[in-house]
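> Chains as they are written, first to last, in the working numbering: chain A, 1 to 311; chain B, 312 to 717.
In case anyone wonders, no lab produced these hints; they're calculated from the structure. Heads up, a few of these hints could be off.
To be verified - Computed cross-link-like contacts, DSS-like style, restricted to lysine-lysine with a CA-CA straight-line distance of at most 27 Å:
1. B:Lys409 to A:Lys198
2. A:Lys198 to B:Lys691
3. A:Lys14 to B:Lys483
4. A:Lys97 to A:Lys6
5. B:Lys680 to B:Lys636
6. B:Lys542 to B:Lys582
7. A:Lys97 to A:Lys198
8. B:Lys449 to B:Lys636
9. A:Lys97 to B:Lys409
10. B:Lys483 to B:Lys542
11. A:Lys97 to B:Lys617
12. B:Lys666 to B:Lys680
13. A:Lys198 to B:Lys590
What the hints assert, rightly or not - Computed spacing ranges between beta-carbons, pair by pair:
14. A:Ile233 to B:Glu607: 28 to 34 Å
15. A:Thr194 to B:Asn591: 55 to 61 Å
16. A:Asp15 to B:Asn466: 23 to 29 Å
17. B:Val580 to A:Asn269: 46 to 52 Å
18. B:Ser565 to A:Lys103: 46 to 52 Å
19. B:Gly564 to A:Arg240: 18 to 24 Å
Quick reminder that beta carbons are idealized off the backbone N, C-alpha and C, glycines included.
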Amino acid sequence: MSASFKAHHLLGIKDLHLDDIQLIFQTADNFKEVINRPIKKVPSLRDVTIVNLFFENSTRTRISFELAEKRLSADVLNFSASASSVSKGETLVDTVKNILAMKVDMVVMRHPMAGASMFLSRHIHAQIINAGDGTHEHPTQALLDAYSIREKTGSLKNVKVVIVGDILHSRVALSNILLLQRLGAKVMVCGPLTLIPKYIEELGVKVETDIRKALQWCDVANMLRIQMERQDIRYFPTLREYILQYGVSKQLLETVNKKIIIMHPGPINRGVEITSDVADSNQSIILDQVENGVAIRMAVLYLLAGKKATA
Amino acid sequence: MVDIHIRKGVIQKISKTITPASCGADVKVISKDGLHVSIGWFDMAARFCDPGFEYKEDLITGAAAAAAGGFTGVLVMPDTFPVVQTKADVEYILNKSKNLPVEVHVAGALTQSLDGKDLAELYDMKQAGAVAFTNSKKPVTDAGQMLRSLIYARNCDSIILSHPNDYSLSGKLLMNESVNSVLYGMKGSPSIAEEVMLQRDLMLNAYSQSRIHFLTLSASGSVALIKEAKKKSEGVSAGIAAHQLWFTDESVGSYDSNFKVNPPFRTEVDKLDLIKGLKNDVIDVICSDHTPQDTESKDVEYESAKHGIIGLETAFACAWTVTRKQLTIEQLIEKISVNPRNILNLEVPAIEEGKKANLTLFRPDEEWKFEEKHIRSKSKNSPFINQVFTGRPVAIITGNDFITSD
């Protein structure tokens, strides 16, 4: 690898250097080739111990990280809040310091509060990968999304991406906006205005409330999951009315005279954000996203671990 | 340039030509370049956390912090445990602070347990010495209850101190709503959360012909509302916390909980309007909003952290560093000494021969760095540690007590 990775942690897209992004993509290209071999494992992170700290429920992100770690031959420790001493009142810093005292090298953390990984980075020396912090950032998801688009379009320059749904409670949306713009794409958000932050246009994104117009405009539609569990108050009357306005069906897609790429960070509520015939159509790259997720996470882990060796 | 001779806590003589020899043998001379003297400063919103949260602050450490900040008097808020809501609670604080070098005045709870539902015994607390009533940071949400509170306070010839915030609009008050709240991934609290309730309180106050003071306004819109209200009523006054002049919501990006305050830090525009409000006397008072928090309440994830920062030791330096191009030193001192006492109907000390000494010594031009070692508060939750300021409190003299800041 000629260029060197600059970041010490992956806390968010916000503080990620453009060179680092390119390096992650190049490295992911290599790993994608690796995981399609008959023997999918490489010894790159032998002797590196990684803890997956999940203070919030997650299935696919945790599995994706765990698989990435195992494919790199790292030793993996899984920690989830429900089975932990967090419920006994131990602080985040104490929990992590206790784990690190057992000689763990890297931390992958999901946490329900914005900024939790940045807060942790002030207290520990181990590398931290933010696997989602509240409604703030989810950098590896954005990296795998951009990587998946790039795979289809060649470049992100001037690609038009609309992010549809609950923007207000979404960490995927913010990380995606920041990364796509950095790579030259144009970004629009679409959804009920109650789920769109008032000042989001100041980030340089367009706001559209009509899904038909949004689909006419875009090359790629990233359909966010409607996260009922993140909404402490009601932002739209019923799920039925949401689907009426923002659900994407095959029928709706056919009114647009181009082939839009359909993405979804998962897990899909079939029949809510998108209908089954859209999810399973050849326009959908949802399963490519899942596959690329492992390659991207391998790349991030590998590059950050390399940083450790030279530090 | 004048000299002041104080003996046994009383100002003996004010003259240009006092020599140590003329004062007697045991005289202590305080003389520094650029040393200014004013009547003792007064802080209108401090928390000494006593009783109940003595691990954060107590009356002695709180008074020490006030003295270090140049304050000879403070008003303490009722959000202790138990809440200050009976005459016994008022008397406890007054008795326990009687011999402290700093005058401690008490604001009693407006409603029982600060729950906003039932009035506390305002008359009885007033007889015991409470000088104002407030629900502190738990605003009375029920407009009818707030109206009855204002009317009843007028009945007791008392002023109500309000922190307007509509929680149904503000949410958890994590930070101000702006493009920065989008970037930092938190639900922002819009200025209208403050302005809507401020407007309500102003209307209720006009209707009840009572007196109301707003302790810590933060938004441009609030300054405009106060300006209008003052044209119609003399029963309205307003204050801000000194730190609102310094920070904006951009600082929250570090997720350092010493930037988590209530009301939240707003934008550059709001900051400039607060300064303009001070200049035009729309804003009458600058307070510290001193809120000590222990490490366990602060050194945690930003969203879990408690609100508030300590401020007594930095209030003057912060306010003067920011405003010294816009305000005269006299204007600023008025907002931390004369105005708060007038609003609370307290006697304003005077620098006159024969009066008891109640003085603050300070150097408006001194550049200094505020360091952790300067903190006399029991808690260290300040975003100003290692900040360089212009203007420094030097000492207070209250009767026989002489307390220096360094």
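> Look at each hint and say if it fits the structure.
To see whether the hints hold, each was checked on the structure:
no., hint, in the structure
1, B:Lys409 to A:Lys198, "violated, 51 Å"
2, A:Lys198 to B:Lys691, "violated, 35 Å"
3, A:Lys14 to B:Lys483, "holds, 24 Å"
4, A:Lys97 to A:Lys6, "holds, 25 Å"
5, B:Lys680 to B:Lys636, "holds, 20 Å"
6, B:Lys542 to B:Lys582, "holds, 23 Å"
7, A:Lys97 to A:Lys198, "violated, 39 Å"
8, B:Lys449 to B:Lys636, "violated, 35 Å"
9, A:Lys97 to B:Lys409, "violated, 46 Å"
10, B:Lys483 to B:Lys542, "violated, 34 Å"
11, A:Lys97 to B:Lys617, "holds, 23 Å"
12, B:Lys666 to B:Lys680, "violated, 35 Å"
13, A:Lys198 to B:Lys590, "violated, 32 Å"
14, A:Ile233 to B:Glu607: 28 to 34 Å, "holds, 30 Å"
15, A:Thr194 to B:Asn591: 55 to 61 Å, "violated, 38 Å"
16, A:Asp15 to B:Asn466: 23 to 29 Å, "violated, 58 Å"
17, B:Val580 to A:Asn269: 46 to 52 Å, "violated, 41 Å"
18, B:Ser565 to A:Lys103: 46 to 52 Å, "violated, 29 Å"
19, B:Gly564 to A:Arg240: 18 to 24 Å, "violated, 39 Å"
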